[in-house]
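2 protein chains.
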Amino acid sequence: MKAEIITIGDEILIGQIIDTNSAWIAEQFNLNGIEIYQITSVHDDRIHILESLSAAHDRVDLVVLTGGLGPTRDDITKHTLCEYFNTALQFHEPTFLHIENLFRNRNLPMGRLNRDQAMVPVECTVLFNRNGTAPGMWFEKGNTIFISLPGVPFEMKDLISNEVLPRLKSSGRTRAICHRTVLTQGIGESALAEKLDNWENNLPPEVKVAYLPGPMAVRLRLSAYGDSEAQLIDQIQKKMDELKPIIGEYIYGYDDDQLAGVVGNLLKERGLTLSVAESCTGGYLSHLITSVPGCSQWYLGSVTAYSNKVKMKVLGVSEEALNKFGAVSGEVACEMAEGIKSALETDYAVATTGIAGPDGGSADKPVGTVWIAVSGPGGVRAYKFVFDKNRGRNIIRSAQSALQHLRRIIIEEN
Amino acid sequence: MKAEIITIGDEILIGQIIDTNSAWIAEQFNLNGIEIYQITSVHDDRIHILESLSAAHDRVDLVVLTGGLGPTRDDITKHTLCEYFNTALQFHEPTFLHIENLFRNRNLPMGRLNRDQAMVPVECTVLFNRNGTAPGMWFEKGNTIFISLPGVPFEMKDLISNEVLPRLKSSGRTRAICHRTVLTQGIGESALAEKLDNWENNLPPEVKVAYLPGPMAVRLRLSAYGDSEAQLIDQIQKKMDELKPIIGEYIYGYDDDQLAGVVGNLLKERGLTLSVAESCTGGYLSHLITSVPGCSQWYLGSVTAYSNKVKMKVLGVSEEALNKFGAVSGEVACEMAEGIKSALETDYAVATTGIAGPDGGSADKPVGTVWIAVSGPGGVRAYKFVFDKNRGRNIIRSAQSALQHLRRIIIEEN
Chain A
5 MKAEIITIGD EILIGQIIDT NSAWIAEQFN LNGIEIYQIT SVHDDRIHIL ESLSAAHDRV
65 DLVVLTGGLG PTRDDITKHT LCEYFNTALQ FHEPTFLHIE NLFRNRNLPM GRLNRDQAMV
125 PVECTVLFNR NGTAPGMWFE KGNTIFISLP GVPFEMKDLI SNEVLPRLKS SGRTRAICHR
185 TVLTQGIGES ALAEKLDNWE NNLPPEVKVA YLPGPMAVRL RLSAYGDSEA QLIDQIQKKM
245 DELKPIIGEY IYGYDDDQLA GVVGNLLKER GLTLSVAESC TGGYLSHLIT SVPGCSQWYL
305 GSVTAYSNKV KMKVLGVSEE ALNKFGAVSG EVACEMAEGI KSALETDYAV ATTGIAGPDG
365 GSADKPVGTV WIAVSGPGGV RAYKFVFDKN RGRNIIRSAQ SALQHLRRII IEEN
Chain B
5 MKAEIITIGD EILIGQIIDT NSAWIAEQFN LNGIEIYQIT SVHDDRIHIL ESLSAAHDRV
65 DLVVLTGGLG PTRDDITKHT LCEYFNTALQ FHEPTFLHIE NLFRNRNLPM GRLNRDQAMV
125 PVECTVLFNR NGTAPGMWFE KGNTIFISLP GVPFEMKDLI SNEVLPRLKS SGRTRAICHR
185 TVLTQGIGES ALAEKLDNWE NNLPPEVKVA YLPGPMAVRL RLSAYGDSEA QLIDQIQKKM
245 DELKPIIGEY IYGYDDDQLA GVVGNLLKER GLTLSVAESC TGGYLSHLIT SVPGCSQWYL
305 GSVTAYSNKV KMKVLGVSEE ALNKFGAVSG EVACEMAEGI KSALETDYAV ATTGIAGPDG
365 GSADKPVGTV WIAVSGPGGV RAYKFVFDKN RGRNIIRSAQ SALQHLRRII IEEN
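Line order of the protein sequences matches chains A and B. Residue numbering for the first sequence is 5 to 418, as defined by this note's numbering. Residue numbering for the second sequence is 5 to 418, as defined by this note's numbering.
There's no promise every hint is true.
Which copy? The list can't say, so a pair holds if one copy fits it or any two copies do.
Unchecked claim - Distance condition first, Cα-Cα at most 20 Å in a straight line; then the derived EDC-like pairs of lysine to aspartate or glutamate:
no.	residue 1	residue 2
1	K6	E55
2	K313	E342
3	K212	D231
4	K242	D231
5	K313	E273
6	K6	E144
7	K388	E87
8	K393	D162
9	K6	D49
Worth flagging that the hints you see were computed from the coordinates, not collected in a lab.
Isolated chain A, as found in the complex (with noise of 0.2 Å):
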């Protein structure tokens, strides 16, 4: 089966809003073995929608439009898939008392503009939201499907999940697929490119390869479309398995594995503790650590250390070292990383001082100077990078440095 996902709205157009949406979905399809075969964003305009509702028809099975369902004026999708379907609004009682019910249950007035949101069109199924005030829509037209959601991303998300999803699978329409992505790390991609020839050369044709390179890392993504979907799983499984003796010693992880998931595990299984002291990285790293679900097993906890006070007082880094080498140093990361884990007492600990931008550079000590420092059983080691002028990158690039030294320390250590 083959879709398509038309996102409707201004917002995408002027770069206000990134579309998160799409990827959702597509996603999601996916994994259900629906080809997606584009993604349009499109203007909240009458003649723009109708020229992307037939230019989809005509190209595939499945069209899912995302947005223009609220209850403002600007929110045109209602009235124009009437046009488009050649039918009318019709007042829909479930979905009514469904509104009043959740502006009851929120002590909210319900207005005119909410009542409207009852009608829909004729010629089509109304798929219940839970969540919100504006429902789902299913219309068919020749072969084609066309659903109609709203916008608010847990709104749509839930449609998906709990309406579209079961009422495609149970049309039979869905074929087999299989992606499958190894995480490597410290090879850049054309040198792993070179040292895979041999292994791209000897794929099964229906099996693709794809190098998704990041700033941190690049990714290899291996597809497969077929009619028996274990099949294909155990055809890219072989594959998987002989990219080890050729790439293993980058391969830190694979599919949607995490940096800090990653080294979580290694704590984990090792019955090891975690600690971090940051500066530059202000609170990103331990926000990283604690986005993976059961940290607190193997994470205490951080301190953000924004001022030299607070790194004193509290990580008791020396007055010495903070006056001779200055906050931004390998011998204040090191005391940072120290402090920490013993004031948490914990088995290791990382830390982060830089200079995170836009200001704050000198010539010695430019924006993106970073250290970063682990301290552990076999003793605190630090390291400096400098990365570029930009703050959020720096923040990102410095906590995943720090990931990855600390990762790489623990594997040495242990």
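Since the structure of chain A is already known, use the hints to place chain B on it.
Only chain B this time, still in chain A's reference frame:
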């Protein structure tokens, strides 16, 4: 000038990465008076790319393609562009020398696949990519400009800023445009629209309004298109000024204002300081705060106390409160806020404690239960929330709610 963005690459269509590039390009183009008509994501597939190029050619003046320029086999954009523009590849010496130089600087051997990146279509203007090995390419066909850029975000961004926009502006084909966004809190989309009914009826025809609801705020976007930029700015400002007497109490900021930045400005103006104690937000609240450039003027630091031991030892939370009320309670939240405020000697402190999930809930305190406390010169206050089952969303909403309450209390007390 009307433009389209085409992103090339299977990774977006399988939902493996989110298309942040298009949002960034759309924002930059809008700021420069170029309207984005459509954003389309297509496969690394020759026919699909060719069809998208033809369709876009008939609709707009400018087509920007990103992705598919890497050195590996799955990258077919360059060859497909040669086919579309009926041209061939030739060796481009400046690009070759630049690639050679990049590899020399990184102390890496230059591979065969990288050498191929210096082959560029005869019929194009090469755009210098200082940050990477794949050059940008500028083509013209009829009245339409086609620009192909690498998909790596920082390479693409540098090319747009330093090559594409200067060339487009000097071509004189751009049109005036103005967008402003009003950020509101504490009022729903429909209630806001009903309050603004009369105001909307009196909008000049060239000004459009959109309501952008989110989990924590409703944004109101005003857009105007025309010939004179000064006139548009003036018109939109007049309509924005009219909003203050109608919905002023709900407005917390404008345009790209972030709640943490708004809170920071309130503190800075009053010469006050802030510290943070986190449990369920795990560092994310501190991360939001330290994402504000220059925050060290008013932010001293934080403690993430993931274990009770750390809550007691570092924040001075009493064993009694932990035993009697549990770690997730108003009492412990208050003691955390007061503990960090006195440890770091700040004017204000905010604390979070809760059950982010997916595990750890009970009948009494389900997953999503969160307590937030704000401590300031006027004493300490705690607020209870029950969010949902999603760990990531609970972390974000807890941190945003903490900032909201902090903002309200700073205004109230000062």
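(message) Treating 20 Å as the Cα threshold, decide for K6 and E144: within, between, both or neither.
(response) Result: close within a single copy only, 15 Å intra versus 33 Å inter.
(request) Have a look at K313 and E273 and pick one of within, between, both or neither, based on CA distance no larger than 20 Å. (result) neither (37 Å within a copy, 22 Å between copies)
(request) State whether the alpha carbon distance between K212 and D231 is at most 20 Å within one copy, between copies, both, or neither. (result) Only inside one copy: K212 and D231 sit 16 Å apart there, 49 Å across copies, limit 20 Å.
(message) Reference check for the pair K393 and D162, CA-CA at most 20 Å: within, between, both, or neither?
(response) Between copies only: 13 Å across chains, 40 Å inside a chain, cut-off 20 Å.
(request) Measure nothing new, just compare the shortest in-copy and cross-copy C-alpha distances for K242 and D231 to 20 Å and report within, between, both or neither. (result) within (18 Å within a copy, 61 Å between copies)
(request) Could you place K6 and E55 in one of the four classes (within, between, both, neither) given a Cα distance threshold of 20 Å? (result) both (19 Å within a copy, 17 Å between copies)
(message) Treating 20 Å as the Cα threshold, decide for K313 and E342: within, between, both or neither.
(response) Answer is both: 17 Å inside a copy and 18 Å across each meet the 20 Å cutoff.
(request) With 20 Å as the alpha-carbon cut-off, assign the pair K6 and D49 to within, between, both or neither. (result) Between copies only: 15 Å across chains, 25 Å inside a chain, cut-off 20 Å.
(request) Please work out whether the CA atoms of K388 and E87 approach to 20 Å or closer within one copy, between two copies, in both situations, or in neither? (result) neither (62 Å within a copy, 47 Å between copies)
The earlier numbered hints that this structure contradicts are 5 and 7.
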